[in-house]
Amino acid sequence: MSIVHGVNKNHYVNQALAKTAVLISVMALSVSALATVGGGQRIEILGYDKAEQKVFVLRHYDDGRGRLPQLYYYDLSNKNPEKLVEVRSLYINPKTKKYDEFEDSGGRFSKELKQIKNRVVALKPTYTQVRVQVESLRQQKKSNLQSWLGEIGQGTEYQFNYKLHADEAKYSSPVHSATAYSVCLTSDNVIYKVPNQPYALSTVKYKGTLMEGGYDYQDAVLLQQTK
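Just so you know, my numbering puts the end of the sequence shown at 231, numbered straight through with nothing missing.
Errors might be hidden in some of the hints.
As the list claims (entries may be wrong) - In the DSS-like style, the derived pairs of lysine-lysine whose C-alpha atoms are separated by at most 25 Å in a straight line are:
#	residue 1	residue 2
1	211	145
2	115	54
3	174	83
As the list claims (entries may be wrong) - Label-pair distances were calculated between CB atoms; the ranges are:
#	residue 1	residue 2	range
4	97	132	39 to 45 Å
5	228	106	32 to 38 Å
6	96	122	20 to 26 Å
7	161	231	33 to 39 Å
8	55	155	22 to 28 Å
9	150	172	22 to 28 Å
Everything labelled a hint here was simulated from the structure, so no lab data went into it.
Glycine included, C-beta positions come from ideal geometry on N, C-alpha and C.
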């Protein structure tokens, strides 16, 4: 039986802790290497500005690019209120004078967005059947589909032209279009009625990219009373 003298027990404990720390670091690196960079797009309906007669919506990008959400509005006083207007002024970088969707320069975007949220009236959801009426559908095989990260291979692209009908056809939309990567265009069966206006908002959902197996995109749709 051999006896080892003068060895501190803490030495072995420290070695074990060091090995554990290395193992955790390696595992963390492996997980980060496998982290997704793709993602879907979803719509947030902010509400109705009564004074300006505008309905504001946000498009959120849930991918790894770090883009700011894109702000839009429907101008209900316009002759074509169904047109979704993209707001670009809040994304102008004061230094470069160029559109920048990645940096909230001086917190301007966040400040303006907060002001909009404070003055709009939130639209309450009404759960009802929303029917997607496909007006036309074209499909095309493509060998070089692209994503923001580069080429992602081949697949079938579907071009939809569609209308929405909601609340027993009391509300309908004009024809809209969507580019999808599966033969599926769905609604969440909910509308958001604008108070004291003949309009309501809804959304459609479809597979908007094949990146990393595919992600769903949402689009906002403005409907008008028909009855």
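Outcome of the hint check:
no.: 1; hint: 211 <-> 145; result: holds, 16 Å
no.: 2; hint: 115 <-> 54; result: holds, 20 Å
no.: 3; hint: 174 <-> 83; result: holds, 21 Å
no.: 4; hint: 97 <-> 132: 39 to 45 Å; result: holds, 43 Å
no.: 5; hint: 228 <-> 106: 32 to 38 Å; result: holds, 36 Å
no.: 6; hint: 96 <-> 122: 20 to 26 Å; result: holds, 22 Å
no.: 7; hint: 161 <-> 231: 33 to 39 Å; result: holds, 36 Å
no.: 8; hint: 55 <-> 155: 22 to 28 Å; result: violated, 47 Å
no.: 9; hint: 150 <-> 172: 22 to 28 Å; result: violated, 41 Å
The structure is inconsistent with the numbered hints 8, 9, although it conforms to all the rest.
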